[in-house]
Amino acid sequence: MHGALKMSAAVGRVLSQQMRQSLKVLKSLAGKKNRCFSASVPIPKEGSVSNNEQKSVNRGKSADPLECRFMYPEFLPDPKPEYRNSLREKLERADMMARRSKIDIPEFYVGSILAVTVSDPHAPGKSNRFVGICIKRSGCGLRANFILRNVVDNQGVEVLYELYDPTIQKIDCLRLEKRLDNELLYLRDAPEEYSTFSFDMEPEIIPEGTPVPVNDLKVTLKPQPWLEKWERKDLKGVRDIVVNQKREMKAKAALKPWEKYDLMKIYRETIPEEEQKEIFAEVYSDLHNLEITRQKMKRQRTFIRPKKSG
Amino acid sequence: MNQANVTHLVSKLKFNIRPTPRRLKNKDGPPGRVLKIQKTLTALFEYERIELFYNRADEVRGYAERLISEAIRRGPEDHEMMDLANFWIIRKEFVHKLFKVYVPRYQDYSIAYTKLHKAPRLYPGIYYKRAVLELRGNPYPSIEQRNAHSNVLLHNLLLSEARKEYRMEKYKEIAESMNEREVTSQ
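Those protein sequences? They're chains Z and B, same order as listed.
Each residue of the first sequence is one higher than the one before, starting from 1 at the first, in the numbering used here.
Each residue of the second sequence is one higher than the one before, starting from 1001 at the first, in the numbering used here.
Some hints could be false.
[What the hints assert, rightly or not] Computed cross-link-like contacts, DSSO-like style, restricted to lysine-lysine with a CA-CA straight-line distance of at most 30 Å: (1) B:Lys1025 <-> Z:Lys80; (2) Z:Lys265 <-> B:Lys1129; (3) B:Lys1036 <-> Z:Lys256; (4) Z:Lys229 <-> Z:Lys260; (5) B:Lys1036 <-> Z:Lys260; (6) Z:Lys236 <-> Z:Lys250; (7) Z:Lys277 <-> B:Lys1014; (8) B:Lys1027 <-> Z:Lys250; (9) B:Lys1027 <-> Z:Lys246; (10) B:Lys1025 <-> Z:Lys233; (11) B:Lys1118 <-> B:Lys1027; (12) Z:Lys246 <-> Z:Lys233; (13) Z:Lys80 <-> B:Lys1129; (14) B:Lys1092 <-> Z:Lys256; (15) Z:Lys277 <-> B:Lys1012; (16) Z:Lys277 <-> Z:Lys260; (17) B:Lys1039 <-> B:Lys1025; (18) B:Lys1025 <-> Z:Lys252; (19) Z:Lys136 <-> B:Lys1012.
[As the list claims (entries may be wrong)] Stretch by stretch, here's where chain Z covers chain B in the computed footprint (C-beta under 8 Å, at least three residues): (20) 1003-1012; (21) 1062-1074.
[To be verified] Computed spacing ranges between beta-carbons, pair by pair: (22) Z:Ser86 <-> B:Arg1163: 52 to 58 Å; (23) Z:Glu259 <-> B:Glu1077: 21 to 27 Å; (24) B:His1008 <-> Z:Ser198: 35 to 41 Å.
Quick caveat, the hints were computed from the structure, so don't treat them as lab data.
Backbone N, C-alpha and C fix where the C-beta goes; we use that ideal spot for every residue, glycine too.
The following block holds chain Z by itself, in its conformation from the complex (with noise of 0.2 Å):
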C-alpha cells in the first residue's frame, strides 16, 4: 500500500516535471528567432518579389483561431470516446509545439506536392530526400501522419512519414494546393503520369493572402482490376468510372443517401466547437507567431536588392 502510494507520487513528480518543462519551451517560443532548418528556396524573378512584398496578409493567419481546423488538424484529438484523455492531450499539444519550434512544418493539404528529408544512417549522405504528392493525412496528436505518393523507375513508391518524427530533418512543400478529394488513394489506380514528380522541381511561391488553390484535375483510372471499389466511393477528382452492370447494381445497392442526414454519426465523428474553441485558444498564439517567423524567413530569402539603374 505505501510502496503504490510512493510510486504514484514519484509518476507525478515525473509527469509535472515534464509538464514544466514543455511549458519552458512554449514560453521561450516566443522570444526565440526562427529556427527554420529549410533554406533551399531559389530566388524568383523580380516581378514576383515586388508582388510578395506588397501583399502584407499573411495566409497561415487568420482572425478565428477555429479556422486552424483545416490548416492544422491534428491537434484536435481522436473523436473516439475510449481513446479521449484530456491530461495527455494537453501533454501531445505542448510536445508537438515543441517540435514546430524546432523544425519548420509548412502548411500542407491532401494534393499538395511535399519534399520530405529524413536521417538515414545508411544512406550515403547519411540523409534520404523523398519528393510526392500527399495522398492521405491521418492520425492525430504525435501520432500524425502523411503517405507521399511518387513514380521512380516506373514502379509506384509510397512512403508514409510521421509529421512528428525526430528524424525528419526537413520538410518542404514544393506545391501548395488542394484537390477535390479528402483522399486521393485513387492516384495507385491512376495511371503513372499523375503521380509522377520530378526530385529536383523546385518550390512554387504563392502570393501571400491569396487562398490555396484548388487544383480541380480529374484523372481516368487504369482499367481493372483495381485495387478497391472505386466506383462506391463517390470520388469527385475522377472523370468516368465504367464498370459492369453487376458491379453497377451492387453499387446502387450498397447506397447509403441517409448518411449525410445521420446526426449521431456526423457528431460522433467530429470533435464540437467548444472543445476545439478550447483547444486552439491554447495553441493559437504560439502557432501564430511561429507562422509569422516563417513568414519573414521567406521574405527574407525571396528579398533581393534592388539594383540601381544608370
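Chain B: place on chain Z using the hints.
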C-alpha cells in the same frame, strides 16, 4: 487512430452520449432504423412527452437534441438545415413547430433540451426496459414526484406544527383534569 472530421462544426451536447450507435434491430436493416428514429422523433415533437422502450428512447434523444441544436445554430433560412428537418420530421407541421416553438424556447438553455426518465416495465409483459422521453419546458405536470413526506415541504411543516399544537392542548387538558381529581379527592 483517426483524425477528427473538420468539415462540420457542431455544438456540444449537454448529456453523455453512448460511444457507439444502437442498431435498433429490424428486418429492413439500417434504412429501417432511420425510419424508426424518424417516427419517434416526429411523435416526440408532436406530443412533447412519450413513453417507449428505453433503447429507442435513448437513441432518439441524441437525434432530437442534435436537430434542435442545429436549428438554433443555422435557422430556417439555411437550405441544408431545412433538408435535415424535412428528412427527420415526417409531418410538415412539426417542422414549423421546431422553428417557431422549440428554437425560441431552447435558445438560452444551458442544459439538455430533453429529459429521459426510466419507467417501470409492464408486468406481466415484455421484459424490455421502458422509458419516458420528454422535451423540457413542456406544458404537462412534472413526471418526477418529490418525496411527499419530506418535512421541508410547507404542508408537512404546517401539519406537524398543527399536530404539535393539538398535542400540547391535549396535555394541558389532561393535566387540568388530573388537578381537578386531586382537589375533589382531598
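Quick rundown of the hints versus the structure:
1. A hinted pair counts as satisfied when its Cα atoms are at most 30 Å apart, and Lys1025 of chain B with Lys80 of chain Z qualifies at roughly 23 Å.
2. Taking the CA atoms of Lys265 of chain Z and Lys1129 of chain B, the gap is near 25 Å; set against the 30 Å cutoff, the hint holds.
3. For the hint linking Lys1036 of chain B to Lys256 of chain Z, the alpha-carbon distance of about 16 Å falls within 30 Å, and the restraint holds.
4. The hinted pair formed by Lys229 of chain Z and Lys260 of chain Z meets the criterion: a straight-line CA distance of about 20 Å does not exceed 30 Å.
5. Of the supplied pair hints, the one linking Lys1036 of chain B and Lys260 of chain Z holds, its CA atoms being roughly 17 Å apart against a limit of 30 Å.
6. Proximity of Lys236 of chain Z to Lys250 of chain Z is assessed by CA-CA distance (about 20 Å); at most 30 Å being required, the pair is judged to hold.
7. Restraint check for Lys277 of chain Z and Lys1014 of chain B: the C-alpha separation of about 17 Å stays at or below 30 Å, so the hint holds.
8. Distance hint between Lys1027 of chain B and Lys250 of chain Z is fulfilled; the C-alpha atoms sit about 20 Å from each other, no more than 30 Å.
9. At roughly 25 Å between alpha-carbon atoms, Lys1027 of chain B and Lys246 of chain Z fall within 30 Å of each other, so this suggested pair holds.
10. The hinted pair formed by Lys1025 of chain B and Lys233 of chain Z meets the criterion: a straight-line CA distance of about 27 Å does not exceed 30 Å.
11. Distance hint between Lys1118 of chain B and Lys1027 of chain B is fulfilled; the C-alpha atoms sit about 27 Å from each other, no more than 30 Å.
12. Using a Cα cut-off of 30 Å, the hinted pair Lys246 of chain Z and Lys233 of chain Z holds, with the two alpha carbons roughly 17 Å apart.
13. For the suggested pair Lys80 of chain Z and Lys1129 of chain B, the alpha carbons sit about 27 Å apart, so the restraint of at most 30 Å is met.
14. At most 30 Å may separate the alpha-carbon atoms for a hinted pair to count; Lys1092 of chain B and Lys256 of chain Z meet this at roughly 24 Å.
15. In summary, the hint linking Lys277 of chain Z to Lys1012 of chain B is supported, as the alpha carbons are separated by about 11 Å, within the 30 Å threshold.
16. The suggested pairing of Lys277 of chain Z with Lys260 of chain Z holds, with an alpha-carbon distance near 25 Å, which does not exceed 30 Å.
17. For the proposed pair Lys1039 of chain B and Lys1025 of chain B, the alpha carbon gap of about 15 Å is at most 30 Å, so the pair holds.
18. Note on Lys1025 of chain B and Lys252 of chain Z: the hinted pairing holds, with a Cα-Cα distance of about 23 Å set against a maximum of 30 Å.
19. Straight-line distance between C-alpha atoms of Lys136 of chain Z and Lys1012 of chain B comes to about 28 Å, which keeps the hinted pair within the 30 Å bound.
20. Only when three residues or more bring their CB closer than 8 Å to a CB of chain Z does the claim for the region 1003-1012 of chain B stand; here the count is 9, and the claim holds.
21. For the region 1062-1074 of chain B, the proposed coverage by chain Z is satisfied: 5 residues have a C-beta within less than 8 Å of a C-beta in that chain, meeting the threshold of three.
22. Between Ser86 of chain Z and Arg1163 of chain B the CB atoms are about 54 Å apart, so this pair conforms to the stated range of 52 to 58 Å.
23. For Glu259 of chain Z and Glu1077 of chain B, the Cβ-Cβ distance of about 25 Å falls inside the hinted range of 21 to 27 Å, so the restraint holds.
24. Range check, His1008 of chain B to Ser198 of chain Z: about 38 Å between beta-carbon atoms, so the 35 to 41 Å window is met.
Checked against the numbered hints given earlier, this structure breaks none of them.
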